[in-house]
Structure formats: structure tokens, C-alpha cells
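Which chain is which? The protein sequence lines are A and B, in order.
In this text, residue positions in the first sequence follow this note's numbering: the first is 477, and each later residue adds one.
In this text, residue positions in the second sequence follow this note's numbering: the first is 477, and each later residue adds one.
Keep in mind that the hints are not guaranteed to be accurate.
Since the list can't tell identical chains apart, any single copy or any two copies may satisfy a pair.
[Unchecked claim] Taking lysine-lysine pairs in the BS3-like style, the calculated list, with each CA pair at most 30 Å apart, reads:
1. Lys570 with Lys591
2. Lys716 with Lys570
3. Lys679 with Lys489
4. Lys747 with Lys489
5. Lys679 with Lys647
6. Lys679 with Lys716
7. Lys570 with Lys747
FYI, nobody ran anything at the bench for these hints, they're computed from the structure.
Protein chains: 2
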Amino acid sequence: MSGQRVNRRVVLKSRPVGVPQADHFEIVESQIPELASGEFLVRNDYLSVEPAMRGWVNAAANYSDAVGIGEVMRAFAAGEVVASRHESYAVGDKVMGMLGWQDYCVTNGDPVRRKVLEGDLPLTLSLGILGINGVTAYFALGEIGQPRAGETVVVSTAAGAVGSAVGQLAKLAGCRTVGIAGGADKVRLCLDEFGFDAAVDYKDPNFAQRLAEACPSGVDVYYDNTSGSISDAVLRHINKFARIVICGTASVQSWDPWPTGPRPERHLLNKSARMQGFLVWDYEHRYEEAVGQLAAWVRSGQLRYREEIVDGMERAPGSIAELYSGANIGKRLIRLETGR
Amino acid sequence: MSGQRVNRRVVLKSRPVGVPQADHFEIVESQIPELASGEFLVRNDYLSVEPAMRGWVNAAANYSDAVGIGEVMRAFAAGEVVASRHESYAVGDKVMGMLGWQDYCVTNGDPVRRKVLEGDLPLTLSLGILGINGVTAYFALGEIGQPRAGETVVVSTAAGAVGSAVGQLAKLAGCRTVGIAGGADKVRLCLDEFGFDAAVDYKDPNFAQRLAEACPSGVDVYYDNTSGSISDAVLRHINKFARIVICGTASVQSWDPWPTGPRPERHLLNKSARMQGFLVWDYEHRYEEAVGQLAAWVRSGQLRYREEIVDGMERAPGSIAELYSGANIGKRLIRLETGR
Chain A
477 MSGQRVNRRV VLKSRPVGVP QADHFEIVES QIPELASGEF LVRNDYLSVE
527 PAMRGWVNAA ANYSDAVGIG EVMRAFAAGE VVASRHESYA VGDKVMGMLG
577 WQDYCVTNGD PVRRKVLEGD LPLTLSLGIL GINGVTAYFA LGEIGQPRAG
627 ETVVVSTAAG AVGSAVGQLA KLAGCRTVGI AGGADKVRLC LDEFGFDAAV
677 DYKDPNFAQR LAEACPSGVD VYYDNTSGSI SDAVLRHINK FARIVICGTA
727 SVQSWDPWPT GPRPERHLLN KSARMQGFLV WDYEHRYEEA VGQLAAWVRS
777 GQLRYREEIV DGMERAPGSI AELYSGANIG KRLIRLETGR
Chain B
477 MSGQRVNRRV VLKSRPVGVP QADHFEIVES QIPELASGEF LVRNDYLSVE
527 PAMRGWVNAA ANYSDAVGIG EVMRAFAAGE VVASRHESYA VGDKVMGMLG
577 WQDYCVTNGD PVRRKVLEGD LPLTLSLGIL GINGVTAYFA LGEIGQPRAG
627 ETVVVSTAAG AVGSAVGQLA KLAGCRTVGI AGGADKVRLC LDEFGFDAAV
677 DYKDPNFAQR LAEACPSGVD VYYDNTSGSI SDAVLRHINK FARIVICGTA
727 SVQSWDPWPT GPRPERHLLN KSARMQGFLV WDYEHRYEEA VGQLAAWVRS
777 GQLRYREEIV DGMERAPGSI AELYSGANIG KRLIRLETGR
């Protein structure tokens, strides 16, 4: 049955240095093989686009092996089981996981992260606020940031899929929240949609001054998704025992060669402060705990999110570069209409 | 009675930028005032010299206010109560604390850190292995480094008063210990006296290569007392979940202007690693716990130390610069023969 379907796949054509562009990928078609025993077929309905994908294709050392040339692009996707010879997955099950930028995924289940059980909520949320973005916010803030009521939490990429969640979770924890975002539209979104107490535009020529004004009691927690000069400015305001959560380095175009910046050691020492790298994969065993809590907040209206859904696989190759251009607002997803 | 004694005091004459030199200080004499009720008089027998004193006199932001011009140099010292109108301190009590670079200290007790109760051990130890150096090693390694048996612990300034203790405590915790020190003599001291499994000379033109060879399983804990290029080399070898304890920045001459170096963010992120500043003052409430454990290890011969005692207050003004020249081996102390 599945052998009759054509599978379009976005494969890596050449290895990028820095941010991957559309022409580092190509779309190829292939037949879907017959299912072996223990396999099932997922039809991807939504493909995810993450800033982290830059690292997944770069040759420089990272936390996982780079995607190989000619391989389908590693990506989260969500969809539905349309054929199964696997005892734990039935036709009609909704699943999400590392299913790749492609129409269909034949799998033994290993790349599936979870069945999506929140049938009352849109499937797209499993790739965003109830997926890697929300789960990242939940553990990065809760486990590394450890916010306490009354503290000031500063968030970079504050209008983004993770940053907007971090800000709202910090607010739920009783903190003063200060968002950093690029441009007036995103600053307004931080204030009006995501409830930040203050928001600062890093493109403002007086950014450092504005940041200082927004943090009259200093900074206790910094959710750092940018590195670079934005983070250097925040570091100058950290309080005693501050926690800096290193979650991304969006403002640094390349780590090869290794870029330089102001050394943090003396600041960390003087403030008994902590700078700690966060990878959501380290918390995989607690994924359902996070999703359950996040879903409850979504249902109660205490946790808001933005999505930016574009149609068609042909939008995938250029989508990582579009993320890094800073133009998008909300979680970027690609909707496929395969086989419907 | 105390009014008859002359007190020589080392006072700060001008504000240094970077490492204070002998001519930033001058020795002045004054009469000792009569004791008021609630005061007592300590005769300092030993003055301490710490790398941290650089920060105590610099104008740049630090964890404590800078010593004022004309004020006695802030310093640890140990000595004996020779007169008392304080109900908790009797003549003959041995005390240590922030008693300053001077012959005598009239005090209400606030600068005293503790009575020295280890009468079976030399008083000098209260300023070194049973003082700020040993206590720093104990909490920096135990609380921030959190070494586990079988892990690799790398120590900079490994032949120094704190580093040598860190290495030995890590060894007691079952770790592989790798010391970094300057010059063949200190490397030998690390191996022969302080039991490091390997020791590397940072002055070796092939330092980076030697360091890599000494850490075949990577680095789990790095006790960083230097910052700068030594630490940059270590950072390239950290393992998943590594802990970097920022305890000093001896290799950086000045933080004004703020020096640059390779950014650590991506390394910390890829390894879910932590870089944390450590100040021993944060653990003041647990000081006796540390001293008790350290004294037991000293008595059993499991914890060794080196002292370098020089005679006469006139040695004090130049002693911080001597520390930073890297020439000394062991805890630097100044012995006074006042009033004996």
C-alpha cells in the first residue's frame, strides 16, 4: 500500500558554514518502501523549524552528530500513523518526534518522541508550546534559572517561541519579567501578548541604558538565547547569586573560528553567579511532566503562544535562514497537505 | 598599658591599577589607644598575603569595598590577645581574622573570624590550610565542583596554597587529578608533594598538547584560579555536565578595561556544563565544619601543605606583587616579632 505513495524529502546538499541557506538543501522524491514487521508509516502534517537546526548541519563540534550530506534534514514533525505493522502504534494515532523534513516517515518508533494525547488542543502545539519549545522553557527556567518570587528575570529572544514561554512561566512564578526583542513590533508583543513587565529593543541605540532602566533591582535570572553583545550588556547588571541559562547563541553567526567577547569570569566570581548550558535532551525522561503542566496552563489561558504557519514543503529549505533574519513572529511551522 | 606600645601599620598610600606594588603602601607608626569597654588588643604574630588582595585595593567593582587611601591594609592575621576588656576574649586566647597588616589590632571582635583552638598545630595553619585557603578549597571543590570518584579534576595554580589543597581533596574523593603550574619546580612539587596524578607546565610551548595528553578522559571539574589562556585551553576538553569553579583570575592583570577572550557560551551549551563563581565568604556560617575536617586530614597526614614564611613587616608592601610574579612556593606569611 505505502509503496504507491511518493515521498518528498528535503535533503542536505552541501555543508553550510554558519546559517544554512535554501540552496544548501534540495527536495528529492522517492518511493516509500513496504513496511517490515515492527515498522509503521507516519504521514507528517507539520514540519518544525528550529534555530538549533543551524547546529545540526554545521561541521563544528556540537552536542549531536551533524546531518550527513544526502540525508533527510533532521527535524521535528507531527503527524498521523497511516499504516502500521508495529504493535504499539495503530492507524490514527497522532505522533510527534524527529521524523524529518519529509512527507512520510517509515520508522520502528525510535525517532518518535511521544504520542500526542492532547486531542482537545491543536496538533501544532506538540511542536511548539507543548513540544521542544515549551519543554525547553519549562526546564531551562525551572531547573537552571530557579526563579523565586520577587526576582527579576531577563529573557532574550523574548518574543520567540521559547522566550515568550520563559517570560510567562517566570511571571507565573511571581517574578518581574524583562524581555529583550528586536524591533517595536516584537517589543509590543512582549508587553501586550506575553505579559512582560518591561521590554527592551536591542536595536535601540540606547539599548544598554534602556536595559538598565528596566532592571532597577538588577538581574537575578537571565535566559540567554543570543550570546554576543546583548548578553554582555545583561551580564553587567547581574545580582549576587545570579543564574544565567545558556540556551542558544542566536546572535553569533559562527563558532568557527571561536569568537571572542568580554571575559565573564570576574563578573561571575564577584557575584558568586552561575552560567550554565542547557540542553532539553537532558530532560527527556521528564518530558511528560512538562507537557502535562504546560497543557494545563494553555487550557486555563495562563500560557499564550504565537504560531506562524506557512504552507508547502518548498518553504522548508529557506526557513532556517528566515528564522535567523529575525523577521518571524511566533513558532515557525510548515504545513503539508500530503495525501489529503 | 596598651598606650605605651607603638603600632606599625602598613597603609595604602595610592590606588593601584592592577597588581599593587611596594610603593603603593607605606609603613606608619601610631600609638595604641586605651581599650574601651568591650574592646580587646590582639598582637599579630603572622600576617597573611593573598592573591585576592589585589582586588581589595583596586577601584574596579569587586565583591567588597576597596580599602581607602590612608587606611591599614585589609588582611588576615593571626595572633594572641594581650589585653582585654571584652567578656568573650581573654588574655592568651589565639585568634585569627581580618586584623590588618599591623603589629596590633584594637577591636570589638567584629573582624575576628575565630578563636584558634587547634593548639596541637602551628598557629600559621589558621591562615593557610586551616584558614581561608583550605576552607576555600573545601567548599569550592565540594559545593561547586562536586567531584565524583573516577572523574578527572583539573586544578590551576596547582602548587599554590589553595590549588594544592584542591588537588589533594579531589584525590581523597577518588578522582584523577591533573595540576597546572608554572615551571619544572612547581610541576615536581605537584607530583611529589601533593600527589597529583599528572602535572603540566603552562609555560611549556606545547602546553595545550600536554594538557590534552594528561586528560585522556576529558575534564569533569576545573578549579579555575587563573582565567586567561590557561583556562581557555582547559575549556576545550570539558566533558558533558562539567563544572568549572571560578575562584580567581590570577593570569589577568587588570579587568579595567574588561579583557576579551574566547566566548564560553557555545562550549557550556554543547556540554550542559556549568561555570560558577565562588567566594569563600558565602560559606562563613560553615567555616568550623571545614576547619574541623581539614584539621583531621592534616593530623592524619592525608593533607599536606607548604608555607613560605618571611620575617618583618617591611616585607609586606611588596609581597602581593611577589605572589603575582609566580616565584613563591607555598602559603606566603609574614612573621612579626613584635613585643617579644
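Hints, one by one, checked against the model:
1. Lys570 with Lys591: For Lys570 and Lys591, only the intra-copy Cα distance (6 Å) is at most 30 Å; the inter-copy one is 69 Å.
2. Lys716 with Lys570: neither (46 Å within a copy, 33 Å between copies)
3. Lys679 with Lys489: neither (34 Å within a copy, 45 Å between copies)
4. Lys747 with Lys489: For Lys747 and Lys489, only the inter-copy Cα distance (28 Å) is at most 30 Å; the intra-copy one is 47 Å.
5. Lys679 with Lys647: within (25 Å within a copy, 50 Å between copies)
6. Lys679 with Lys716: within (28 Å within a copy, 35 Å between copies)
7. Lys570 with Lys747: neither (48 Å within a copy, 33 Å between copies)
Consistency with the previously given hints fails for numbers 2, 3 and 7, ordered from lowest to highest.
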